[in-house]
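Enquirer: Here's the letter readout for the chains.
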Amino acid sequence: MIGGHMGRVLFVDLGSGQIRAEEPDDSLYRDFLGGYGFGARVIYGQQPGGVDPLGADATLGFCTGVLVGSPAITPNRWTVVGKSPLTLGWGDANCGGQWGPMLKMAGFDAVFVQGIADRPAYLFVQEGEAELRDASDMWGVDALETELRLRERYPKSQSAVIGPAGEKLSLMSGVVNDEGRIAARSGLGAVMGSKRLKAIVARGTAPLPMADAARANEIRRRFIREMAANPKVKYFTKYGTINHTASSAFGGDSPIRNWGGSGLEDFPTAEKISDDTLLSYEYKKYACWKCNIACGGHYRTDDPLFSVAKTHKPEYESSALWGNNLLNDNIHSLMKANDLCNRYGLDTISTGSVIGFAIECFERGLISKVDTDGIELRWGDAAAIMALGEKIGKREGIGDVLADGVMRASQKIPGSEELAIHVGGQEPPAHDPRYAPSWGMIYAADATPGRHTQMAYWVQENGGVIPGVDLPKLEKYQYSGKGALNAKINNLGQAVFSAGVCMFAFTRVDFSAWTEMIEAVSGVETSVDSLDEIGARVAATRQAFTLREGVNPLKYHIPGRAYGYPPIDRGPLAGVVVDVETLRREFYEARGWDPETGTPHTETLERLGLEEMVPDMEACRAQLGAV
Amino acid sequence: MPCPYRHPERASRRDVRVTVHVYDRIRDALGAGRLAADLPDGADLGMLFAELATHYDPHFAELPNDEESPFGVNALVLNGRRVSMPRDASLRLADGDQLHLIPPIGGG
Chain A
3 MIGGHMGRVL FVDLGSGQIR AEEPDDSLYR DFLGGYGFGA RVIYGQQPGG
53 VDPLGADATL GFCTGVLVGS PAITPNRWTV VGKSPLTLGW GDANCGGQWG
103 PMLKMAGFDA VFVQGIADRP AYLFVQEGEA ELRDASDMWG VDALETELRL
153 RERYPKSQSA VIGPAGEKLS LMSGVVNDEG RIAARSGLGA VMGSKRLKAI
203 VARGTAPLPM ADAARANEIR RRFIREMAAN PKVKYFTKYG TINHTASSAF
253 GGDSPIRNWG GSGLEDFPTA EKISDDTLLS YEYKKYACWK CNIACGGHYR
303 TDDPLFSVAK THKPEYESSA LWGNNLLNDN IHSLMKANDL CNRYGLDTIS
353 TGSVIGFAIE CFERGLISKV DTDGIELRWG DAAAIMALGE KIGKREGIGD
403 VLADGVMRAS QKIPGSEELA IHVGGQEPPA HDPRYAPSWG MIYAADATPG
453 RHTQMAYWVQ ENGGVIPGVD LPKLEKYQYS GKGALNAKIN NLGQAVFSAG
503 VCMFAFTRVD FSAWTEMIEA VSGVETSVDS LDEIGARVAA TRQAFTLREG
553 VNPLKYHIPG RAYGYPPIDR GPLAGVVVDV ETLRREFYEA RGWDPETGTP
603 HTETLERLGL EEMVPDMEAC RAQLGAV
Chain L
22 MPCPYRHPER ASRRDVRVTV HVYDRIRDAL GAGRLAADLP DGADLGMLFA
72 ELATHYDPHF AELPNDEESP FGVNALVLNG RRVSMPRDAS LRLADGDQLH
122 LIPPIGGG
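As they're listed, the protein sequences go chains A and L. Per this note's numbering, the first sequence starts with residue 3, numbered consecutively. Per this note's numbering, the second sequence starts with residue 22, numbered consecutively.
Just chain A, same shape as in the assembly (with noise of 0.2 Å):
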């Protein structure tokens, strides 16, 4: 058997209660890492086009990747999968924490569950056996303290659960772990709720199988080391991700009064919730498993209207969102805004989004205090923003309008299109297309989008870079030319992902620590040009099975206020317009994939070994009418 998996994966019918464990296929790890690659195959193999993703017939996965568990940089993150009913295509949403580590010590791979409890359950893993549980007494329960009391009631056991906006079937919801890190994109914590699924317990002593353990364990010990000496990890690790919210609302990066305005002149006091002033709440650092880069805190703030006695950091998506988006230089706020997600298992990006496009229908007059319940909605108004945010977890009056995202909402409040700043029905991330172009393309062209969390050339876009892949240095602004550097870089981190480790590494380490790391863990020779083939088979299996589901990505929605359509006239992207039709083409081509359909050509798909999946886009090709 391939190292790095436990070779055993669950598959649980909720309507029934039958649980199966299958060992899949060695090739089936293989060629995938497993992961959401592995995800995608198996869901697009036993799952039909068309299925209700709210429904009993729908497939919803939890997958680790072959270092989930392992000596590896950052070896912990893993990915909820499925139909997303936010886009009606691929889903897909990652988390790190200690619970994926976790699933595999229970003796799993992976758990895909289809099918509806005819009651709350949990599915509780422990040392290789699974079995459903009643969860009636923690429906309603919130998500940080649905994993205490499971925790209590299983201790040394790690917990993903959904909050109550899950339970509702928001689609801004996700699936939380480590009491407040959460998978939120693609509105995958509906599915589970939809299924009635309140949370898989992980407990499990078991070790992971390694092909070369001692070898693993040497490559550990050298990359800490040099990442130990690289200035620019010692400084993530102070800061993480919040050291640039300020920056990004000056600089033209961040989104600033629901993508309309522009930081220095619309919010100058940016500062007030950025780097220091809010690094100074963290009381304690925090790390994911085995991550020796712990970029992550927890925070306090005893402010007498937004107290929080324990939260994660807020993350620069939360604070751009909450922060900059809306104006709102309240720093308690924002702390407040990342429990509430937390708790209701919120899509903090999503729900930031949504509340920027309800402050924007309040002020054009489209919804009155009539309509919110007596709030009045006003930029920067933090306690107006938080009370909306409490209706949104509670689907509560106006909540119950804005919970299932803009998009949605904008299609109840007549005159607000304009408003919804989506790309196919998500809500894109704190990133604007106008500031690296590369960006939007891949909001744009990806199976899911809307994701800044796909790579691409927009890395090097922002100044930085992929250490050990030498790439060229071409212009930001520069439209052709970039599909080449684009698909591979995408590539790079599709396989690399799907192998279940953390993009804040990927820019930070050299990238012979993947390759090196996956041959000794697996077993498996491989290197730079493999992995650039693995992760082409991931993107090919994601977007065949997007447009299977009759959803384009050359037909995704695209805000035009993000895009410059028609261009801004002040602040630093004045002007910029993004030509993400040259980019997304040059890209498709690249990737050989039909750049007038979108779907992978027949050859693609071959050289993939993928064939499978060919009358299925080959009918898509013919639908699309471009044979």
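Rather than coming from a laboratory, the hints here were simulated on the basis of the structure. The structure presented is a predicted model; accordingly, all values stated were derived computationally and were not measured. Even for Gly, the Cβ is constructed at its ideal location relative to N, Cα and C. Do not rely on the hints blindly, as some may be mistaken.
[Unchecked claim] Derived CB-CB ranges, DEER-like: (1) L:119 - A:627: 51 to 61 Å; (2) L:119 - A:624: 56 to 66 Å; (3) L:40 - A:307: 28 to 38 Å; (4) L:104 - A:476: 17 to 27 Å.
[Said to hold, decoys possible] Residues of chain L placed beyond 12 Å of chain A at every Cβ, according to the derived structure: (5) 51; (6) 72; (7) 74; (8) 78; (9) 87; (10) 89; (11) 111.
Based on these hints, arrange chain L on the given structure of chain A.
Expert: Coordinates of chain L only, in the frame set by chain A:
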């Protein structure tokens, strides 16, 4: 926040004072988030960076768009508008100008 490195005698020769806002590792390296640069009348952006390189740190002469450098700069924002070097080196500066040096983005 005044910069501890500014030479007091230069203030008397001030024609054009530009405030330079720095972030991230540049701020940490210099111990200040605002730098004051005093320049002669008619000074341009290129002269500003020469002044910064002379009086604060030689890295200012390079402006590497590179996260690996402790003085990495990804974007320049002058009075709210994007400018770039060396393209805008001859852009004339005025007293009271505000320049932001936006660092590379290393986090999510």
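Enquirer: All hints are to be evaluated individually against the structure, with a verdict given for each.
Expert: Taking the hints in turn, this is what the structure says about them:
1. L:119 - A:627: 51 to 61 Å: Between residue 119 of chain L and residue 627 of chain A, where Cβ atoms are some 53 Å apart, the hint holds.
2. L:119 - A:624: 56 to 66 Å: holds, 57 Å
3. L:40 - A:307: 28 to 38 Å: Holds, at about 34 Å.
4. L:104 - A:476: 17 to 27 Å: Holds, at about 20 Å.
5. 51: At about 14 Å from chain A, residue 51 of chain L clears the 12 Å cut-off, so the statement holds.
6. 72: Non-interface label stands for residue 72 of chain L: nearest chain A Cβ at 22 Å, farther than 12 Å.
7. 74: holds, 19 Å
8. 78: Answer for residue 78 of chain L: holds, closest chain A Cβ roughly 15 Å.
9. 87: The claim is violated: residue 87 of chain L sits with its nearest Cβ about 6 Å from chain A, within 12 Å.
10. 89: violated, 6 Å
11. 111: Correct as stated: the minimum Cβ-Cβ distance to chain A is 20 Å, above 12 Å.
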